[in-house]
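Enquirer: Take a look at the letters that make up each chain.
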Amino acid sequence: MSESLDLRLALAETELENPVLPYLRQDRIPHIWCPGCGIGTSVNCFCRALTDSGLDLNKVAIVSGIGCTGRTAGYLNLDSFHTTHGRAIPFATGLKLGNPELNVVVYSGDGDLFAIGGNHFFHAARRNMDILVICVNNFTYGMTGGQVAPTTPVGPTQTTMPLGNFESPFNLPFIADACGATYVSRWTVYHVRQLAKAMKEALGKKGFRFIEVMSPCPTLYSRRNRLGDGVDQVKYYKESSVIKNGADTKDIGLGFQGEIVVGKFVDRERPTWLESMNDHFSHVLGDQFTPYGVKPEGE
Amino acid sequence: MTVEDTARKGKGTVFVRMEVCKGCSYCIDFCPTHALDFSKEFNQKGYHFPELNRPEDCTGCDLCGLFCPDFAIFGARWKDLDEKRQQAASQVKL
Chain R
1 MSESLDLRLA LAETELENPV LPYLRQDRIP HIWCPGCGIG TSVNCFCRAL
51 TDSGLDLNKV AIVSGIGCTG RTAGYLNLDS FHTTHGRAIP FATGLKLGNP
101 ELNVVVYSGD GDLFAIGGNH FFHAARRNMD ILVICVNNFT YGMTGGQVAP
151 TTPVGPTQTT MPLGNFESPF NLPFIADACG ATYVSRWTVY HVRQLAKAMK
201 EALGKKGFRF IEVMSPCPTL YSRRNRLGDG VDQVKYYKES SVIKNGADTK
251 DIGLGFQGEI VVGKFVDRER PTWLESMNDH FSHVLGDQFT PYGVKPEGE
Chain G
300 MTVEDTARKG KGTVFVRMEV CKGCSYCIDF CPTHALDFSK EFNQKGYHFP
350 ELNRPEDCTG CDLCGLFCPD FAIFGARWKD LDEKRQQAAS QVKL
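So the protein lines, in turn, are chains R and G. As numbered in our numbering, the first sequence has no gaps in its residue numbers, which increase by one up to the final residue, 299. As numbered in our numbering, the second sequence has no gaps in its residue numbers, which increase by one up to the final residue, 393.
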C-alpha cells in the first residue's frame with residue numbers, strides 16, 4: 001500500500017489533485033455526512049496531520065465505532081476497522097497489544113465513546129493504553145435521530161427531551177484528565193490549523209491521548225433548537241471560543257451556546273501499560289521474562 | 300481537475316471539484332479575504348458550489364482546503380505550484 005500511496009502523494013503535488021484525496025477511499029466519496037456537518041472538516045485536519053507527522057502509513061491503524069463519526073474508518077484509506085457499537089477502544093487495545101509497532105487511532109463520536117463505550121474509555125485511560133482517541137462531539141446522537149446524548153448540555157430540545165434537556169452533561173476533557181490521559185485538548189472545527197497541529201502533536205506522543213473536536217450537527221441538534229445552519233454554529237464557535245492552554249479541566253464544562261474554552265489542557269508523561277507490564281515482570285521474574293513489544297537493539 | 304486560469308491576478312488560486320460539493324458555505328464564509336462566492340450554477344446534486352469571483356484577493360492560503368468537509372476545494376500559491384512543477388519536470392528527466 002505504501003508505495004502506491006507515496007506515488008499518489010507525489011502525483012497529488014504535481015497534478016493539482018486535492019492533497020487529502022490520497023488518504024481517502026475514492027469509491028466511497030462523496031460521504032454521507034450532511035451539508036454543514038463538521039466531521040468532514042475534522043477528517044480533513046486529521047489527513048493534514050498525517051501528512052505533517054511523516055508517519056509510515058503502513059503503521060497507522062484507525063478504529064471507529066458506530067455512528068456518523070464511526071463512518072470515518074470506512075472513508076480513510078488506512079488499515080481500518082469499523083467495530084460494534086462502543087467497542088472501538090477495546091478493539092484498539094487488542095490491536096495495539098497484538099502489534100505494538102502500530103500507531104492506533106480511535107476516531108469516534110461522543111455517543112459511541114462516552115455512552116455505550118464509557119467504561120472502556122475510563123479503563124483504557126486508567127491503564128494508559130498507548131492509543132490516540134479523537135472524539136467528535138456534536139452533542140447528540142446524529143445517526144439514530146437526535147436523542148439526548150451524555151454530552152448534551154442542559155437546555156436544548158432533543159427528540160427524547162421535547163421540553164428541553166435537564167440532565168447534566170459530561171465534561172469530556174475533565175474525565176480524560178481525571179482518568180489519567182497523557183494528552184488532553186479540545187478544539188472546535190473552526191480552529192482547523194490548531195486542530196491539525198494538535199493531532200500531529202498527539203500522533204507523536206505516547207500514552208493515552210485524547211482530543212475532543214466540537215462539531216455542529218445542522219440536521220438534528222441545530223435545526224431542532226433553531227440555531228441555524230452548520231455554518232452558523234461554526235460562527236458561534238468563532239465568536240464564543242477562548243483559547244486557554246493549560247486551563248484547569250474541571251472549569252471548562254460546556255453550557256448551551258455558552259463560552260467554549262479550547263486549547264491544550266494536559267500534556268504529561270506516564271509509563272504506558274506495556275512499559276509498566278515489562279517493568280513489573282522484569283522486576284518480579286528477572287531473566288525468565290522477555291520484554292514484550294520492545295524493539296531489538298540496533299534498530 | 301479544474302484547469303487553471305491563465306490570467307494570474309492574485310498570489311494564488313483555488314481548485315474546486317464541483318461534483319462533490321454540498322454547498323455548506325464554510326469556504327465562502329471563512330475565507331480570510333472573502334474571495335469566494337456561490338456560483339449561480341448547480342452541480343449534479345443540486346447544490347451551488349463556490350467560485351473564485353475575486354481572484355486578485357486570493358492568497359492561496361489553503362484555509363478553504365482545510366475547512367472543506369467534502370474535500371472539494373483547495374488553494375495553492377502560484378509560487379509553490381511553479382516550484383512543484385519544476386521539481387516534477389526535473390524528476391521526469393532523470
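Since the hints were made in silico from the structure, they are not lab data. Owing to the predicted nature of the structure, the values given are computational and were not obtained by experimental measurement. Don't take every hint at face value.
As the list claims (entries may be wrong) - Below, simulated SDA-like cross-link-like pairs (lysine to any residue); rule was C-alpha separation at most 25 Å, straight line:
1) K235(R) / D361(G)
2) K235(R) / H333(G)
3) K383(G) / M143(R)
Enquirer: All hints, please: hold or fail.
Expert: These are the hints, each one checked on the structure:
Of the supplied pair hints, the one linking K235(R) and D361(G) holds, its CA atoms being roughly 19 Å apart against a limit of 25 Å. With a CA separation close to 15 Å, the supplied pair K235(R) and H333(G) stays within the 25 Å bound. The suggested pairing of K383(G) with M143(R) is violated, with an alpha-carbon distance near 42 Å, which exceeds 25 Å.
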